[in-house]
Structures are given as C-alpha cells and as structure tokens.
Amino acid sequence: MELSSEEKKVLSGITFHSEEVEKGELCDEDKELLSELRAVKAYLTDKYKDYNFEVTGCEPKAGTARDYNEWYYKAEGVDRASAFIAMVWDKDGAFDIRDDFYGETIKEGASDAVKKLLGYGGFPVAEVNVSFWEYFGKELGQDLDPALVLRGDVHAGNDIKIFLDGSRLPSGSYENEIGKLETSLKEAGIKGDVYVVVLKNAEGDPVMDRLYSDSFELS
Amino acid sequence: MSSSLSLEEIVLINNLLYCENLGGPKGTFLSPVQESKTIGDYVNGVLRKAAEIIDDKEYSSGVTGAEYKEILWSIKPNEHLRNIIIRQIHYESEGAGGGRSAYLFDPSSNEAIIAFKGTQSDAEWIDNVSGLYQVPTEFQNNALNWFQSLDFTGCETITVTGHSKGGNKSKFITIMDDRVDNCFSFDGQGFSDEFIKRYVARIIKNKGKITNIIAESDFVNILLNDVGARQFYLGTNYGRLGFAENHCANAVLFFDSMGAMTLWRSKGQDKKMMDLDIMLNSFIRTYKMDVREKVANMLGNIIVCAKSGDTDRIADTFIDERYMDSAADLLAYILRYKTEKPQMIANVREILKQNGFNTNMLGVIDFVTNHDLIIELIGKNKKAMIAILKKKHVKESLVSFLEKHIGLFDFIVLVAQKMRKIDPLKYSGADLEADDAEKDMEIKGRHGISRRKLSLIVAGAVLAIVILIVLILVIL
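Chains as they are written, first to last, in this note's numbering: chain D, 13 to 231; chain L, 7 to 482.
Careful, some of the hints might be misleading.
As the list claims (entries may be wrong) - Among chain D residues calculated to face chain L with C-beta under 8 Å, some are:
1) Thr68
2) Ala77
3) Ser94
4) Lys103
5) Asp104
6) Val140
7) Lys150
8) Gly169
9) Val209
10) Pro218
11) Tyr224
12) Ser227
13) Ser231
To be verified - Estimated spans, in silico, between C-beta atoms of each pair:
14) D:Glu151 to L:Arg54: 26 to 36 Å
15) L:Ala436 to D:Asp108: 32 to 42 Å
16) L:Arg54 to D:Arg92: 46 to 56 Å
17) L:Arg271 to D:Arg92: 49 to 59 Å
18) L:Gln154 to D:Ser231: 19 to 29 Å
19) L:Gly265 to D:Ser185: 28 to 38 Å
No lab work stands behind these hints, which were simulated from the structure alone. Think of the CB as a built atom: it goes at the ideal place given N, C-alpha and C, for glycine as much as any other residue.
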C-alpha cells in the first residue's frame with residue numbers, strides 16, 4: 013500500500029507498528045485509521061479550498077469517555093501553536109466529520125464587527141476577541157458570514173471577550189459602564205457569552221494589567 | 007520563590023485539566039476559548055448549567071459527573087483559585103499530537119503556573135514507554151519547547167505541575183530549565199537509569215525544587231527512578247475501574263459535609279506498590295538500553311489494548327512474533343521472581359482481584375511455575391495441555407479462552423524455557439539516586455571502570471592475597 017510521508021508520520025506516531033507502516037504493510041486497524049485520516053484530509057481540503065492542511069495526529073476514542081475520534085491538524089500559513097481539531101464519527105463505514113476551522117476564517121471579521129459597534133457607542137475598546145465553541149460539518153462553515161454568527165442565526169456558541177481601556181473610564185464606574193455595554197450589544201442583536209475586562213490602559217497586557225472583569229450572557 | 011498555592015489547590019488545578027464536556031462544550035477547561043478567563047469564570051459557567059451534567063456518566067476515565075460537580079463546588083468559595091487567569095491553552099500537534107497543557111497566572115503573587123494534563127492519546131502512550139529507551143523522549147522535548155516559548159515577563163515565580171505523564175513532563179522541565187522555582191508532580195512516572203546518568207548534574211542542581219504528590223496506592227509513579235521529595239496521600243474512590251482508580255486525579259480528594267476538600271497524608275507508600283516498583287526496576291535492568299525498544303513496544307501494545315478493554319488483542323500480543331520473545335521474558339521473569347519473593351505474586355493477585363480480573367489465569371501461572379519442565383516437554387501438544395488443565399479443574403471459560411488463542415501454548419512453552427535461565431535477583435530494584443550515579447561516575451572517571459566493577463576487582467584482589475598467604479604458609 014502506498015502511503016504519503018504525512019500518513020506514515022501520523023500512523024507511526026499512534027501505533028506500535030512503525031516498521032510495517034514504513035513498508036506500507038498495514039494491519040486491519042491501521043487500514044481503518046488510514047482511511048479515516050484520508051477522509052479528514054479530503055473533507056478539509058474540499059471545504060476550505062483556499063487552505064492547505066496537514067493532518068498531524070489522532071486520539072482514537074477507544075479507552076476514553078468520547079464516542080468519536082479526534083484528529084489534529086494544522087493549516088499552512090496560519091500561525092497558531094495549538095493544533096486544530098476535527099471530530100469523526102464512524103457511522104456504518106460512512107464518516108461524519110465536524111471541524112473547528114471555520115472559527116479561524118471568521119474570527120477577525122466577527123471581532124472587527126463588535127469593535128466597530130462598541131466604537132460607535134463611545135466605549136473605549138482596547139481589543140475584542142471572538143471565538144466559538146461549536147464544531148460544524150460540511151454543510152456549515154465555509155464562507156460563513158460573521159454577522160449571521162454574531163446574531164445567532166447560525167449557532168456557533170459565540171464567546172466574546174472585550175478589553176476596555178481603563179485610563180479612559182472614571183474609576184469606580186466599571187460596573188455601570190459594563191451595564192451600558194450589555195444594553196448596547198443586546199440592542200444590536202448580538203448573542204453569546206460576553207467577558208469584559210478593564211485594563212490599565214489601551215496597551216495593557218490582558219492578563220497582567222487588569223483592573224476589573226465581569227461576564228454576562230446574551231441569549 | 008515558594009509557590010503561593012497550597013497542595014490542595016495544586017491538586018484541584020490538576021483535576022480541572024481533565025474536565026471535558028461537562029454539560030456541553032463550554033465545560034471543557036483545556037480549550038483555547040477559555041483563554042483570558044479566570045478559573046472562577048469557568049467554574050461559575052459550568053455550575054450555572056450543573057443540571058445538564060449527568061451524575062453517573064463518566065466524563066473522563068473513572069471520574070463521573072457527580073464527582074466533577076463536587077470538585078467544582080469545592081473551588082467556588084476559594085477566592086485565590088478563582089482569580090487565577092487562564093493565559094494560554096496548548097494542544098500539542100508535533101509527533102502525532104495529544105499533549106494538552108495550560109499557562110495560568112496568579113495575579114495575587116505574580117506567579118506563572120504551567121500545568122500539564124496526563125496521557126492524552128495513544129501517541130502519548132507510545133511516548134510513555136519510549137522513556138525506557140529514549141533520553142529524552144519526543145513529548146518531553148515538545149513540552150520543554152512549549153515551556154521555553156512562553157513569555158514570563160513580570161512573573162516573580164514559575165511553578166510547573168502535572169498529573170501522570172504531565173507530572174513527568176513537569177519534572178523534566180524543572181531538571182532542564184533553571185528558571186523553574188517549584189515543581190509539583192502528581193502521580194508522575196520517573197526516569198530511566200540512563201536518563202539519571204546523563205543529566206546527573208542538572209538533577210542534583212534542581213531536584214530540591216521537586217515535590218512528588220503521590221496517592222499511596224498509585225501504580226504509575228513507581229515506574230522507573232523518581233526524582234525529588236515524595237509525599238504520600240490517602241486514596242479513596244473505588245468506582246467502575248476498581249484498583250485502577252488509584253491513578254485518577256481525584257483519588258486523593260476527601261470532601262467534608264460542607265463540600266470543602268482536604269488531602270490526608272498517609273504513613274507511606276502501599277507495600278504492594280513498593281514491591282512492584284522493585285520488581286519492575288530489576289526487570290528493566292536485565293535489558294541493555296539498545297534492546298529495550300522491543301520490550302517497550304510490547305508493554306505499550308498491552309497497555310493500549312488494556313485501555314480499550316480488548317482482551318483478545320492482549321492475547322494476540324503475546325503470540326505476535328514481534329512481541330512474543332519480550333513478553334515471554336517478562337512473564338518468565340515474574341514467575342521466577344515468584345519463587346524468590348512469593349509475596350510479590352500474592353500482591354499481584356490481590357491487585358487483579360480488586361480490579362475485577364479473573365484470577366484463574368494465575369492458576370495457570372502457578373501450574374507453569376511448578377511444572378516448567380513438563381510444560382517444555384509436552385507443551386507443544388496442545389491437546390495434552392488442555393487435558394492437564396482440565397484435570398487441574400481450571401475453569402471452562404479459561405480453557406475455551408486458551409483454545410481460542412491456541413498460539414498461547416507456544417508462548418507458555420517459551421516462558422517455561424526462559425524460566426530456567428533467569429536470575430531474578432541479579433539486578434537491584436532500588437531507584438537510582440542522582441547522588442549515587444554521580445559518585446559512580448566519579449569513580450568510573452577516575453579509574454575508567456564503574457564502582458560495581460571496582461568493588462569486584464577489590465574483592466578479587468583480597469581473595470587472591472588470602473590464597474597467596476595460605477599457599478605460602480602451606481609451602482613453609
């Protein structure tokens with residue numbers, strides 16, 4: 013059996029059969045893993061045509077509390093130390109695959125939209141980061157409109173982190189200011205979990221320079 | 007600088023690392039989406055939806071929803087822990103991936119807390135056993151590389167911790183990077199003799215920073231040579247996994263009626279684990295480093311099959327030509343060890359029983375031990391063996407298991423052959439201490455030979471002198 017170097021690297025890493033994998037002599041379990049690996053790669057490449065993916069590893073479900081295999085992958089040109097994850101359910105030989113990569117494609121658009129909205133409201137925004145909890149299959153995720161996601165028309169499990177410049181807020185007004193911010197987001201129809209952190213100043217480190225933080229849910 | 011965290015808080019952080027999908031995806035602690043939030047944000051978010059956590063469902067191996075809720079409720083009133091910020095979450099993608107870790111920051115003390123989860127994937131299991139023949143392993147290096155990529159500007163103290171394989175990674179980082187102030191390894195395995203010898207100077211320099219937190223009956227910390235101080239704690243919590251739950255991160259947690267969590271120091275390590283530790287060390291030392299890979303692969307394959315509960319595949323491992331020889335070595339060693347130290351096998355029997363295993367298999371082991379010559383002579387005749395086993399009133403289920411895996415008879419014969427060639431007490435089973443390794447190397451450096459060889463030469467020389475004196479006296 014012909015295997016690419018990427019396939020050999022992954023299979024050798026997750027089985028004890030590195031010599032056999034190198035020669036392309038796979039046992040039944042390794043053949044199953046290989047066919048799943050190829051399905052994940054084909055799925056990602058087909059769904060996100062502008063990107064090149066490398067599948068880097070797998071955590072099979074056997075012996076875990078999960079009912080799906082987790083595959084690790086990275087995308088060429090995307091600078092992220094952590095692996096992305098695809099979940100795979102084997103349904104009678106057909107693979108049901110879901111991924112988290114759509115988040116990478118819309119996070120900037122979603123963050124900019126929230127930043128702009130709060131800017132119009134006069135809030136001293138230092139930074140906004142939006143991320144997502146859900147994993148989508150092939151029917152959802154490519155060419156997603158961030159606005160649809162932010163409004164909850166597409167339920168992606170929005171997680172919105174807003175960092176405010178505390179030097180432009182009167183001391184002691186943080187609770188009141190966050191209340192106004194909540195109203196503003198609500199009126200704009202934004203959905204999701206919101207975390208607001210007040211920093212010492214606009215250049216403040218999001219971890220080291222905190223003055224105050226609070227959270228609320230927009231449903 | 008000492009850590010501002012109590013041991014209870016360290017253990018609770020290590021338990022958080024295993025929280026996955028509690029009431030939905032937001033219940034996963036080690037997710038990049040949690041970055042910038044506090045531990046309190048996470049705990050409050052999950053407890054708000056506590057009704058969606060199923061009490062008797064296992065959310066990680068051996069730990070149920072009810073147990074996780076208990077853990078989270080005990081964190082809720084702890085302001086110090088609640089205010090710790092989740093600075094970065096890392097999913098390892100190199101080397102087939104799997105390792106997960108967190109960079110936490112305690113604003114009350116400007117302390118960086120780097121926490122590593124235990125074995126996450128089959129790739130990490132493979133890495134675990136490669137610790138027998140690789141110095142260092144790929145995943146130890148990956149963990150160190152990630153640690154060294156982190157920005158510690160403004161941090162006054164750096165503390166590393168982790169459970170199981172995570173504990174081993176945290177010890178490795180502490181040995182290799184002098185910036186670490188404190189290390190709390192929770193039930194983490196140790197290092198090979200070769201590792202201790204290679205990094206002896208670094209170990210001597212940094213081992214004082216390492217505290218091993220160990221459940222008294224944990225069976226992972228006993229693997230290979232430990233580094234650092236050891237503190238043993240009472241274990242509890244026998245659930246579905248039975249004895250195996252001694253290694254779960256929540257095994258040492260005791261909750262009072264108000265939900266507060268406490269650790270209780272035990273008098274020391276469980277005697278069964280001490281014996282097992284010594285036996286495993288002496289077995290591993292029977293192999294030279296360059297041939298240990300086969301043994302490691304055999305052990306790893308058995309572990310991965312056992313993890314999946316696949317008994318048939320475990321049996322197949324014993325008769326697979328790639329692993330048969332090493333597996334026979336191991337079993338022959340254990341059986342010979344039994345004749346020297348019978349209590350050891352009694353301990354193994356007790357462990358298996360507590361773990362719900364059918365100990366009838368040990369009846370066959372007894373039979374092999376007592377009749378190794380007969381087995382070698384007639385063992386290849388499967389029908390005769392089956393007849394003998396039936397005569398010994400071995401259970402029908404076990405006989406049919408052996409009939410199903412007929413190749414096991416060849417394996418048993420091989421075990422019997424090997425048994426007579428093994429001296430189970432040839433190598434010491436005590437952990438190798440870095441100080442001893444250093445002295446050994448100093449002497450070796452000075453004399454070009456090891457301390458053991460030197461003492462043999464000295465003894466030989468003394469004997470030769472005595473013989474010479476006797477001869478002279480006789481001649482005179």
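The hints, checked one at a time:
1. At about 4 Å, the closest approach between the beta carbon of threonine 68 (chain D) and any beta carbon in chain L falls short of 8 Å, and the interface hint on this residue holds.
2. Hint status for alanine 77 (chain D): holds, given a least beta-carbon distance of 5 Å to chain L, under 8 Å.
3. Here the hint on serine 94 (chain D) is kept, as its CB sits about 4 Å from the closest CB of chain L, short of 8 Å.
4. Against a cut-off of 8 Å between C-beta atoms, the interface hint on lysine 103 (chain D) is violated, since the closest Cβ of chain L lies about 20 Å away.
5. With its C-beta approaching chain L no nearer than about 20 Å, aspartate 104 (chain D) sits outside the 8 Å limit, and its interface hint is violated.
6. Taken as an interface hint, valine 140 (chain D) does not check out: its beta carbon lies about 11 Å from the nearest beta carbon of chain L, beyond 8 Å.
7. Contact between lysine 150 (chain D) and chain L, as hinted, is not supported at the beta carbon level, the nearest pair being about 19 Å apart and thus beyond 8 Å.
8. With a least beta-carbon distance of about 6 Å to chain L, the hint placing glycine 169 (chain D) at the interface is held under the 8 Å criterion.
9. With its C-beta approaching chain L no nearer than about 7 Å, valine 209 (chain D) sits inside the 8 Å limit, and its interface hint holds.
10. Interface restraint check: proline 218 (chain D) against chain L, minimum CB-CB distance 5 Å, threshold 8 Å, status holds.
11. For tyrosine 224 (chain D), the interface hint is violated, the least distance from its beta-carbon to any beta-carbon of chain L being 12 Å, above 8 Å.
12. For serine 227 (chain D), the shortest C-beta to C-beta distance to chain L is roughly 6 Å, which falls under 8 Å, so the interface hint holds.
13. Because the beta carbon of serine 231 (chain D) sits about 12 Å from the nearest beta carbon in chain L, more than 8 Å, this interface hint is broken.
14. Against the hinted window of 26 to 36 Å, the Cβ-Cβ separation of glutamate 151 (chain D) and arginine 54 (chain L) comes to about 30 Å, which satisfies the hint.
15. For the pair alanine 436 (chain L) and aspartate 108 (chain D), the beta carbons lie near 52 Å from each other, so the given range of 32 to 42 Å is not met.
16. Distance hint check: the CB atoms of arginine 54 (chain L) and arginine 92 (chain D) are about 30 Å apart, inconsistent with the given range 46 to 56 Å.
17. A C-beta distance of roughly 43 Å is found between arginine 271 (chain L) and arginine 92 (chain D), which places it outside the suggested range of 49 to 59 Å.
18. Look at glutamine 154 (chain L) against serine 231 (chain D): about 42 Å separates their beta carbons, and that is not inside 19 to 29 Å.
19. For the pair glycine 265 (chain L) and serine 185 (chain D), the beta carbons lie near 36 Å from each other, so the given range of 28 to 38 Å is met.
In terms of the numbered hints stated before, the structure departs from hints 4, 5, 6, 7, 11, 13, 15, 16, 17, 18, listed from lowest to highest.
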